[in-house]
Structures are given as structure tokens and as C-alpha cells.
Amino acid sequence: MSVEQQIVSKLDARFGLDHLDVVNESGNHNVPANSETHFKVVMVAKEFEGKRLIARHRMVHEVLAEELQRPVHALALHTYTDAEWKDRFGDVPMSPPCVGGGSD
Amino acid sequence: MSEEVIDTIKEQIRENPILLYMKGSPNAPQCGFSAQTVQCLIACGERFAYVDILSNPEIRAELPGFANWPTFPQLYVQGELVGGCDIVTEMYASGELEPLIKEAATSPE
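Those protein sequence lines, which keep their order, are chains A and B.
The first sequence begins at 385 in our numbering and counts up by one.
The second sequence begins at 406 in our numbering and counts up by one.
Bound-form chain A, shown alone (with noise of 0.2 Å):
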């Protein structure tokens, strides 16, 4: 298993997603072609209700715990209730571009 499907079968286990979305975003950064180092994941989850940022982002780290020890680098989250994702429409922050510096 893709460490991107490996990502997206914990999340689905961990939390009664209404919306998931991983995007590995590798090819955008100074590492070589077909890494799996760099995500970019979209969830809305009721779990979120009632729930500052910081601990939303504590618990996807704590599912994803084992990815994040290696090889996943980097991790854009983006964490939302039904409520929330309804208001924006959808629309979701870019990851910002890579600066050239190395995963290390």
C-alpha cells in the first residue's frame, strides 16, 4: 500500500468523514521523483466540532504518528467542520510554494 492510501484508510478508520482529501505534493519540492514525503490533506469531520485548531491538528498527528516518523516530511492540514467547509465553498488554502531547501 501508497503511503497516500496508507494515509487515507487511517483517517477513514479514525474519524466519521464527511470529506478527505490527500494529495501528495511531493513533485512540488526538492526531492526525488515519486517520494512520498510531502501531503496536503483536506478533512471535514463532525469529530472537529467545538474543537480549537491546534487540537484539531493533535489528532490527525496522533493517527498519522507512524507516517510522520518517516518518510512523511511535510503535512499540510486542513481541518474543518460540515459547518465550516459549507462557507467557504469548498475552497481550500494552496500549500505555499517550495523554497529549494533540502527534506533535511
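Keep in mind that the hints were calculated from the coordinates and are not lab data.
Keep in mind it's a predicted model, so treat the numbers as computed, not measured.
Note that CB positions come from ideal geometry on N, CA and C, so glycine has one too.
Take these hints with a grain of salt, some might be off.
Part of the chain B face toward chain A, derived, beta carbon under 7 Å [to be verified]: (1) Lys428; (2) Gln441; (3) Ile492.
Covered by chain B, according to a simulated footprint, are these stretches of chain A (three or more residues, beta-carbon under 8 Å) [to be verified]: (4) 430–444; (5) 470–482.
If you want the ones that stay clear, here's a sample from chain A, every Cβ over 10 Å from chain B, calculated [what the hints assert, rightly or not]: (6) Pro416; (7) Ser419; (8) His457; (9) Asp466.
Assemble the complex: chain A is given as a structure, and chain B must be docked to it using the hints.
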């Protein structure tokens, strides 16, 4: 875990009301996420301290475990972890970041 490094981290967080652990420096960030976080902080118009984790590998190695936060950058305001690039950017966009930073900059030591 090296206690000496953890003590250094605690001291840095205690003594700097606005502190960013980042890759590179605000003038020459070495990572897009660090660069974007710096932009948000600069836009708030207050001085902030930073630690370049690329030139401090021992801090880079110990901080994620200490903070229970796996990635960089990490922004601390008045001793508390605010978050990484996505959270800082979102708070800046929603107007929450500036008052937080202003308050930290003007609060007595």
C-alpha cells in the same frame, strides 16, 4: 532525551513572548512553510524571536518530542504553542493572529 537541550528550549520559550522555530531565518527562509509563517508574523508588525532549526540540529531533534508536534515551523506565543504554518495562516486570515501578537508584544515580561 537530552535534558540540557530541553532546558534550552524551555528557556527560549519562556524568555521570548513571540518565538518562531523555523528553517532558515526570516530574511532567508529555507522552506515554503517557514516562509509563509514569517510573512504572517511580519504582517502583524511586531518584533519576534526565531531559532533556525537547520543550524541547531539538537533542538530540531528534541523539540518535536517535547512539544508533541511533529513538524516545523512552530510558533510560540507567551509560552504556548500556537501551531504550524496552516494554523498561523488561517488565524492571520481570520484576523485572530494580529491581536494575539500585539498583546504578546506589549505585555509586561
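> Among all the numbered hints in the text so far, which are the ones the structure does not match?
Replying inline: Violated hint (a single one): 8; every other hint is consistent with the structure.
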